[in-house]
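Chains as they are written, first to last, in our numbering: chain P, 1 to 292; chain U, 1 to 294; chain G, 1 to 439.
In short, the hints are calculated from the structure, not lab data. Being a predicted model, the structure only gives us computed values, none of them experimental. One or more hints might be untrue.
[Said to hold, decoys possible] The calculated DMTMM-like cross-link candidates involving lysine to aspartate or glutamate, where the alpha carbons are at most 20 Å apart (straight line), are:
1. G/K414 / P/D67
2. G/K51 / G/E255
3. G/K234 / P/D155
4. G/K357 / G/E255
5. U/K240 / G/E28
6. G/K348 / G/D174
7. G/K59 / U/D85
8. G/K151 / G/E255
9. G/K146 / G/D174
10. G/K59 / U/D125
11. G/K257 / G/D273
12. G/K57 / U/D85
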Amino acid sequence: MSSPSSSNTRLLPRALMAPAIGTLFLWMIVPLCMTIYFSLVNYNLMQPGEKTFAGLDNFTYFITDPDFWPAVWNTLVLIGSVIGITVVLGVLLGLLVNDPFPGRGIVRVLLISPFFVMPAVNALLWKHMMMNPNYGVLADLWRNFGLTPVDWLTDWPLLSVIIMVAWQWLPFACLIFITSLQSLDREQMEAARMDGSNAFQRFFYLTVPHLARPMAVVIMIEMIFLLSIFAEIFITTSGGPGNASTNMTFLIYKQSLMNFDVGVASAGALFAVIFANIVSFFLVRMVGKNLD
Amino acid sequence: MNTVAQQNPVVSSPTQFAVQKPPSQFLPVALRTAGAWIVALLLFFPLGWLFLTAFKTEQQAISVPPLFLFAPTLENFHEVNSRSDYLLHAMNSLITSLGSTILGLAIAAPAAYSMAFFRTKKTRDILLWMLSTKMMPAVGALLPIYVMAQTAGMLDSVSALIIVFTLSNLPIMVWMLYTSYKDIPPEILEAARMDGATLWKEFRHVVLPLSVGGMASTGLLCLVLSWNEAFWSLNLVAAKAGTLATLIASYSSPEGLFWAKLSAASLLAIAPIVIFGWFSQKQLVQGLTFGAVK
Amino acid sequence: MKRLSLAKAGLAATTVFAMTAPALAATELVIATVNNGHMIEMQKLTPFFEKAHPDIKLKWVTLEEGTLRQRVTTDIATKGGQFDVMTIGLYEAPIWSKKGWLQPIATDAAYDADDLLPAFRDGLSYQGKLYAAPFYGESSMLMYRKDLADKAGFTMPDQPTWAQIKDLAGKMTDKSAGVYGICLRGKPGWGDNMAFLTTLVNTNGGQWFDMGWKPQLETKPWKDAINFYVDLLKKDGPPGSAANSFNEILALFNEGKCGMWVDATIAASFISDPKQSKVADKVAFAQAPVAVTPKGANWMWSWNLAIPASSTKSDAAQTFVKWATSKEYIQLVAKEAGWGAVPTGTRKSTYANPEFKKAAKFADAELKAISSANLSDSTLPKSPYVGVQYAAIPEFQAIGIAVGQQMTAALSGKVTVDQALKAGQTAAEREMKKGGYYK
């Protein structure tokens with residue numbers, strides 16, 4: 001691609017990016033600085049006016065919580081599972097609805113609709129109407145087959161949260177993949193078919209590379225959102241039983257916001273940022289080159 | 001242009017990207033139709049259940065075994081209408097969601113365009129940095145943002161929400177627009193430039209039509225994210241700037257049975273956006289036919 | 001000449017304007033409240049208040065309890081001024097009034113503060129002044145299915161023991177019919193499962209903190225109470241107890257799945273309402289069960305209206321708060337929605353009213369329960385904190401949820417009771433050390 005070489009147009013890209021970068025920078029830096037400040041002082045909303053220097057006390061307090069490492073692990077499991085489920089199912093569903101069939105428009109709307117529901121309503125919906133072992137729909141289904149209903153939230157708390165979150169995010173993945181598959185080169189596919197390749201070969205050598213970038217986008221965006229899943233856990237299991245479904249965000253809430261301890265909450269938030277950076281670093285190594 | 005065509009015979013003319021609807025090789029039609037419908041209905045079932053519950057009484061909503069057939073009632077919708085100011089909340093939701101989407105697209109599109117077509121070594125780093133601005137959990141940033149809003153006198157204002165939503169969704173929008181711009185084959189831009197188009201004409205006549213699908217899905221995504229945003233909507237507003245998310249919160253988990261009412265409130269809350277999604281879905285399909293090029 | 005008439009006209013206009021100005025400037029009150037039924041009712045009666053006080057307009061912000069608490073606390077601690085009237089619980093009131101965050105409620109003879117139930121009036125007062133007006137109060141009690149008790153040949157005493165309850169639960173359980181002897185809260189939370197468990201610990205002779213503020217989770221009363229709870233629910237409780245709080249059990253009870261339920265007295269009004277309960281005519285009430293001591297066996301909670309100390313709209317706010325917690329308001333609700341819908345647990349006059357007693361079968365049991373609870377004397381060994389089913393210290397929310405999570409883990413069988421109590425003790429000690437109660 002030829003790049004215009006006049007000095008004017010070298011300025012142009014910068015000018016185009018300036019509003020986005022400028023506003024995001026402000027949006028990031030001010031809360032970040034305040035959070036760093038708060039994390040280094042003793043600041044509890046219930047005792048305003050007394051902000052003594054605390055050094056690393058808040059950080060030590062946060063990390064010595066017996067639930068800290070389980071929370072880190074749960075967060076990783078949650079992110080990994082939901083991303084895995086949504087990407088795999090998203091690609092398959094995208095392929096399923098890629099080519100026309102009767103009622104495709106309606107099916108697409110049906111597939112995308114769970115994304116429209118508010119996460120809080122989603123959580124209540126699953127907790128009461130689907131997963132309750134007494135009056136939930138799933139319990140009824142199990143009983144119809146003569147089995148004792150599964151107590152989802154008690155026996156499989158993290159899995160239940162994963163199911164709820166995956167259900168909510170699958171439409172997002174579907175949407176991205178459906179959009180991207182529309183730009184798949186059909187002539188190339190046709191040519192490959194005529195060359196004698198079978199469906200699997202076409203899938204792996206043509207479709208998947210084409211979807212590499214959208215997959216990377218889906219993975220990175222979902223990672224960011226899934227790191228701060230809160231409403232679903234708060235409403236359904238409150239992080240329990242024990243710490244089985246506590247993730248980093250819920251730990252911050254439980255540890256500090258319940259106390260109105262802004263110092264520890266800020267320390268926790270900084271840990272979450274560090275954690276997110278580490279996860280993102282690994283993900284970028286895995287899928288990052290597909291972004292180009 | 002001739003050299004390009006000779007080197008890459010597949011890219012001989014842009015019109016080939018028009019959807020020609022060849023016979024599909026991915027499973028026969030009947031199987032696909034059945035499969036797609038079954039999967040879609042299964043995935044949609046919980047929402048369908050929500051829909052049904054909105055028309056039940058509270059007692060019917062909790063019955064064991066769950067009721068599929070029942071006499072519907074509109075009492076929940078009456079209750080929602082009389083108890084809360086639905087129109088005010090809906091207007092606020094509309095203003096904040098549309099406002100943040102339009103503002104976001106206006107800021108994100110140029111940035112994504114620049115990164116897609118004027119790629120530098122730093123492009124990937126900038127993209128990742130933008131995403132990293134979302135790494136701070138909102139729970140942790142609550143007090144700094146709250147204090148900022150308070151100092152600026154913008155608590156309980158629609159403008160504060162628009163700003164917060166725009167900036168929260170900006171990284172996502174840049175990423176998605178970047179992807180859809182990258183999907184445009186560079187040869188088309190080559191062709192336009194060779195034909196002597198200026199940057200602006202190039203954007204308006206080539207890039208824009210080809211990326212309408214991407215912009216539509218980005219816009220829809222941002223709209224939905226803002227519409228459903230419940231954390232800042234609850235913490236930064238009081239009585240005047242409440243959105244539909246605030247409305248739903250007032251039906252959540254009180255002491256006493258509430259599921260039927262919550263279902264009705266949720267339906268009323270997502271109705272505008274489902275309708276919008278339905279219409280923009282057509283736009284998605286329309287924009288994706290690349291036949292608009294020549 | 002012209003100038004003079006112009007000046008006269010200007011003067012006349014200004015005078016007219018000044019006279020009409022006060023009528024145009026209405027004070028707007030922003031009220032933050034919980035989304036419970038009684039508060040929704042109060043919201044519905046706004047037109048009555050605005051007609052009686054045309055210079056005050058009411059704007060409502062209704063939220064769920066946890067969100068509300070976080071919102072109002074953030075607002076009042078940062079002097080945000082977002083809310084003119086706040087609904088706070090019996091938990092916040094003593095903490096906030098001690099900090100000087102609240103304005104005293106200016107009561108007068110017409111308001112009749114002596115009519116307020118002493119338990120709540122004392123709990124909401126600090127140094128002799130009332131700092132929050134009780135809007136609605138409750139205790140906890142035992143609600144049970146009379147038909148199932150009769151079938152088991154059991155006559156419920158007014159204050160049964162937990163041993164009796166355990167026995168009766170075993171007789172009531174009929175899993176093939178989907179009936180479970182007893183339903184109790186299990187969802188982690190300081191106001192969810194811990195509210196109930198604290199009373200169970202209290203009645204077993206335990207306490208949260210000793211006089212040196214050391215958590216007592218590994219003492220005998222705690223072990224007895226939690227072991228009893230876990231065994232009872234495992235044997236005679238419904239599946240999914242670990243995620244059940246008030247609403248979930250209410251749904252089960254209304255569907256006839258529970259034989260007994262110990263919970264907030266407001267549940268009584270729901271389960272005896274034929275519009276939502278299938279067993280409305282089969283319920284009866286008794287005092288919360290006791291074990292070693294009756295102290296602290298039934299809890300005390302109220303939702304109260306308070307005014308931030310920094311409020312600029314004190315007069316209007318005071319007027320509203322007094323209106324919403326007055327005898328006249330209760331009469332108004334009775335007229336508009338029936339005696340079954342009035343906010344209970346606040347005034348003696350409500351309970352003395354025969355029409356109320358007729359509409360609310362649980363009134364006597366509720367009054368007895370409230371009167372027997374004492375905020376400052378709810379544990380057998382002396383305690384340094386006030387509160388029956390909580391300890392009114394700021395650290396309690398975080399301690400409550402941490403311990404609550406462990407209790408749920410024990411209930412679900414993931415850990416033993418001893419392990420759960422040990423983990424809870426560690427969590428509580430951590431918080432108390434951080435709060436500076438001891439080194």
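Hinted pair, alpha-carbon criterion (20 Å max): G/K51, G/E255. Please report holds or violated. violated, 42 Å
When you check the alpha-carbon spacing of G/K414 and P/D67, does it fall within 20 Å? holds, 15 Å
Take a quick look at whether G/K348 and G/D174 sit within 20 Å of each other, Cα to Cα. Answer violated: G/K348 to G/D174 is near 41 Å, above 20 Å.
Given the proposed pairing of G/K57 with U/D85, does the C-alpha separation stay at or below 20 Å? holds, 15 Å
Check the hint pairing G/K234 with P/D155 against an upper bound of 20 Å on the C-alpha distance. holds, 14 Å
Pair hint outcome, G/K357 versus G/E255 [Cα-Cα no greater than 20 Å]: The given pair, whose Cα atoms are some 26 Å apart, is violated under the 20 Å limit.
Run the distance test for G/K151 versus G/E255: straight-line Cα separation, threshold 20 Å. Within the cut-off at roughly 19 Å; holds.
Are the Cα positions of G/K146 and G/D174 separated by 20 Å at most? holds, 16 Å
Is it true that the CA of U/K240 sits at most 20 Å from the CA of G/E28? With Cα atoms ~12 Å apart, U/K240 and G/E28 stay inside 20 Å; holds.
Hey, G/K257 versus G/D273, does the alpha-carbon distance stay inside 20 Å? holds, 16 Å
G/K59 paired with U/D85 [C-alpha distance capped at 20 Å]: holds, 11 Å
Starting from G/K59, check that the Cα of U/D125 is at most 20 Å away, please. Judged against 20 Å, a Cα distance of about 48 Å means the pair is violated.
In summary, the structure is inconsistent with hints 2, 4, 6, 10 from the numbered list given earlier, while agreeing with the others.
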